Amino acid sequence: AQSVSQHNHHVILSEAASLELGCNYSYGGTVNLFWYVQYPGQHLQLLLKYFSGDPLVKGIKGFEAEFIKSKFSFNLRKPSVQWSDTAEYFCAVNANDYKLSFGAGTTVTVRA
Amino acid sequence: DTAVSQTPKYLVTQMGNDKSIKCEQNLGHDTMYWYKQDSKKFLKIMFSYNNKELIINETVPNRFSPKSPDKAHLNLHINSLELGDSAVYFCASSQGLAGRAEQFFGPGTRLTVL
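Those protein sequences? They're chains A and B, same order as listed.
Add 259 to a position in the first sequence, counting from 1, and you land on the number used in the numbering used here.
Add 153 to a position in the second sequence, counting from 1, and you land on the number used in the numbering used here.
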């Protein structure tokens, strides 16, 4: 069974710092990759996704993610975070079946 | 307009009771899902319906029974509630089966079993 690992459970950083959240998956075939975000008191919403093509994908709110096939990774980055980026971030993988498998999530706290 | 809505938002009940959670989407999607988020925030798929047909039924106790009266609704009924059922339950929908389809989530229902 495929699994999704997010290495950082809780990240605390100051405004303007750079953010990188790790995500690794275990499935060896073709995958579809997603990052979802849940702001406090809000729904989970899609941040960005990767299916094929350029492995560096850009999402909303200045986020980007890089797919490295050899490392089975899809790390999320933002060069300069804002207080409003405080949220839960979830990596998710679909291995061309009917399921979306989520990582355990990373809580990001940005201090003003 | 709320795209995916769930009722109730909070549900507190005693062990052994039977309860239902309702989900509705107004996005015209053909696929709906139920997820369980445990205390460690881990989101796990429970069920998925496509055009009212059950597609995914993960290893979930048969006390949990989903029902999809139409493509816009997917309800979750839970019999004989147990302490371990306490969690946040999220409904989601997408156009098409998981794959590359973006899933739209509801606000969640926080179930507390006492």
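Careful: at least some of the hints might be erroneous.
Said to hold, decoys possible - Derived SDA-like pairs (lysine to any residue); straight-line CA-CA distance at most 25 angstroms: (1) K197/B / L307/A; (2) K197/B / A275/A; (3) K162/B / V266/B; (4) K193/B / K328/A; (5) K189/B / N267/A; (6) K193/B / S329/A.
Stated by the list, open to error - Chain A regions said to be covered by chain B (calculated; three or more residues, Cβ under 8 angstroms): (7) 277-287; (8) 342-353; (9) 360-371.
Worth flagging that the hints you see were computed from the coordinates, not collected in a lab.
Here the structure is a predicted model, which is why all the values come from computation and not from measurement.
From the three backbone atoms N, C-alpha and C, an ideal C-beta is built for every residue, glycine too.
Outcome of the hint check:
1. The straight-line distance between the Cα atoms of K197/B and L307/A is roughly 20 angstroms, inside the 25 angstroms bound, and the hint therefore holds.
2. Proposed proximity of K197/B and A275/A is contradicted: the alpha carbons are some 33 angstroms apart, above 25 angstroms.
3. Restraint check for K162/B and V266/B: satisfied, since their Cα atoms lie roughly 14 angstroms apart, inside the 25 angstroms limit.
4. Straight-line distance between C-alpha atoms of K193/B and K328/A comes to about 28 angstroms, which puts the hinted pair past the 25 angstroms bound.
5. Proximity of K189/B to N267/A is assessed by CA-CA distance (about 21 angstroms); at most 25 angstroms being required, the pair is judged to hold.
6. Of the supplied pair hints, the one linking K193/B and S329/A is violated, its CA atoms being roughly 29 angstroms apart against a limit of 25 angstroms.
7. For the segment 277-287 of chain A, the proposed coverage by chain B is not satisfied: 0 residues have a C-beta within less than 8 angstroms of a C-beta in that chain, short of the threshold of three.
8. Figure legend: the segment 342-353 of chain A, annotated as covered by chain B; annotation consistent (3 residues with Cβ-Cβ distances under 8 angstroms, at least 3 required).
9. Taking a C-beta to C-beta cut-off of 8 angstroms, the segment 360-371 of chain A contributes 5 residues in contact with chain B, enough for the three needed, and the coverage statement holds.
Violation of the numbered hints given earlier is confined to hints 2, 4, 6, 7; the remaining hints are satisfied by the structure.
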